[in-house]
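Student: Sequence:
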Amino acid sequence: MSRHAARPPGDQPDLDWCHEAVQGVSRTFALTVDVLDEPMASYICVGYLLCRVPDTIEDADHIQPAEQARLLRAYDRVLDPADETDADAFRAAVDEWLPASEERSDDWEVVASTPRIVRTFHGLPDDVREAVTPPARELVQGMAMFVERYADEGGLRIQSREELEEYCYYAAGTVGNLVTNLLARGDLSEGRRARLYDTAEEFGLLLQLVNVAKDVYDDYTEEDNVYLPAEWLAAEGVPQEEVVAPEHESGAAAVVRRTARHARSFLDDAQTYLETVPTTDGNTLAAWAIPFLLAVGTLRELLARPEDALSEAGVKVSRQEVFAVVTEMTGTDAGAHGALADLREDIAGQPYHRASGQAD
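Position one of the sequence shown corresponds to residue 1 (full-length UniProt numbering), numbered consecutively onward.
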């Protein structure tokens with residue numbers, strides 16, 4: 001449970017379940033929720049789960065694209081305050097696609113629990129729901145559009161840098177706006193508010209582009225999706241359908257490196273976002289600085305060994321480094337915005353548990 005303060009009013013067992021569910025579906029986002037204070041911890045937790053439902057459906061390779069799009073459109077109606085479609089109707093529609101309960105992953109357990117998540121969301125304050133609903137719906141609508149665009153391919157096949165950024169906007173830029181809507185509900189100067197919104201999408205794009213670069217193998221082998229742009233792969237002589245083939249490792253690794261460098265171009269705006277976020281209503285700098293700094297570490301690893309993203313081994317920062325970053329950002333002196341630049345530089349150079357002198 002997050003530090004300090006009681007959770008917001010509502011059904012406590014449902015809120016408790018939502019916090020437990022986040023732990024199962026995303027290690028990185030669980031870290032974020034864990035270092036938020038209440039009530040923001042619960043607002044972000046529930047908002048994230050609302051977005052995780054469509055993300056799981058979009059990634060499901062056992063559901064035909066036309067059916068994926070139909071389910072996503074149905075879910076969008078559930079989120080639409082002007083529509084009478086309820087979460088139980090969506091749950092009934094998705095039922096035939098759910099794995100058996102004993103084989104159900106944490107992600108699919110979240111989908112199965114959609115009525116509980118929506119009920120919990122409806123128990124949050126009006127201004128919280130108004131902050132979350134528009135970007136969450138934009139995420140769902142964007143995912144449905146991409147599924148329909150590539151319905152004949154069976155999976156997503158991103159063609160260009162522009163389309164990659166469009167996809168990343170719907171998948172993560174919208175989440176950046178969702179978070180910002182929640183953070184900006186308080187009394188902020190117009191300059192600070194404008195700076196937040198000017199950089200919110202870039203913060204989300206950074207995190208999503210890092211995921212695109214590091215998850216090439218899993219995206220293709222488990223979900224039949226290729227997010228590395230076809231035009232970049234073609235420039236290296238790599239057919240998109242052979243992105244993880246050993247004979248194309250050198251060319252595909254060059255595209256992974258190119259994607260990582262493109263992600264790196266969003267670091268400055270993302271840092272500006274972090275230097276601007278207010279620490280009110282239970283928000284903390286650490287909650288957003290941790291994923292940012294872990295993205296910096298992941299980019300370091302990607303640029304050093306891009307070929308690892310093309311194999312089952314994958315690319316990730318070590319548990320020791322995650323622990324060192326979390327410890328640094330949650331320490332008694334954490335929260336000083338000015339320290340971010342130094343931390344970013346340290347982590348870009350070497351794993352932080354080594355840079356900070358902690359035991360490996």
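The hints are simulated quantities; they were obtained by calculation from the structure and are not laboratory data. In this text the structure is predicted, and so the values were computed from the model without any measurement. Backbone N, C-alpha and C fix where the C-beta goes; we use that ideal spot for every residue, glycine too. Among the clues, some could well be false.
Said to hold, decoys possible - Label-pair ranges, simulated between beta-carbon atoms: (1) 145 with 303: 45 to 55 Å; (2) 189 with 151: 20 to 30 Å; (3) 269 with 303: 44 to 54 Å; (4) 103 with 194: 20 to 30 Å; (5) 27 with 104: 14 to 24 Å; (6) 103 with 81: 32 to 42 Å; (7) 221 with 198: 30 to 40 Å; (8) 221 with 304: 16 to 26 Å; (9) 187 with 20: 49 to 59 Å; (10) 23 with 331: 46 to 56 Å; (11) 272 with 320: 23 to 33 Å; (12) 162 with 345: 44 to 54 Å; (13) 241 with 354: 23 to 33 Å.
Student: CB of residue 187 to CB of residue 20, is that within 49 to 59 Å?
Tutor: violated, 33 Å
Student: Taking the Cβ atom of residue 221 and the Cβ atom of residue 304, is their distance within the range 16 to 26 Å?
Tutor: holds, 23 Å
Student: Verify the CB-CB distance for residue 269 and residue 303 against the hinted window 44 to 54 Å.
Tutor: violated, 19 Å
Student: If you check the beta carbons of residue 272 and residue 320, does the distance land in 23 to 33 Å?
Tutor: holds, 29 Å
Student: Assuming the hint says 14 to 24 Å, is it satisfied by the Cβ distance from residue 27 to residue 104 or not?
Tutor: Holds, at about 19 Å.
Student: With 44 to 54 Å as the target window, see if residue 162 and residue 345 comply at their CB atoms.
Tutor: violated, 31 Å
Student: Should the hint that residue 221 and residue 198 are 30 to 40 Å apart at their CB atoms be regarded as holding?
Tutor: holds, 38 Å
Student: Is the hinted range of 45 to 55 Å satisfied by the C-beta distance from residue 145 to residue 303?
Tutor: violated, 32 Å
Student: Using the C-beta atoms of residue 103 and residue 194, is the stated range 20 to 30 Å upheld?
Tutor: Distance hint for residue 103, residue 194 is violated at roughly 48 Å.
Student: Taking the CB of residue 23 and the CB of residue 331, does the distance hold inside 46 to 56 Å?
Tutor: Violated - the Cβ-Cβ distance for residue 23 and residue 331, about 23 Å, lies outside 46 to 56 Å.
Student: Please test the hint of 20 to 30 Å on the beta carbon pair from residue 189 and residue 151.
Tutor: About 46 Å separates the Cβ atoms of residue 189 and residue 151, which means 20 to 30 Å is violated.
Student: Looking only at beta-carbon atoms, does the pair residue 241, residue 354 fall within the given range of 23 to 33 Å?
Tutor: Check failed, 40 Å falls outside 23 to 33 Å.
Hints 1, 2, 3, 4, 9, 10, 12, 13, counting from the list given before, are not met by this structure.
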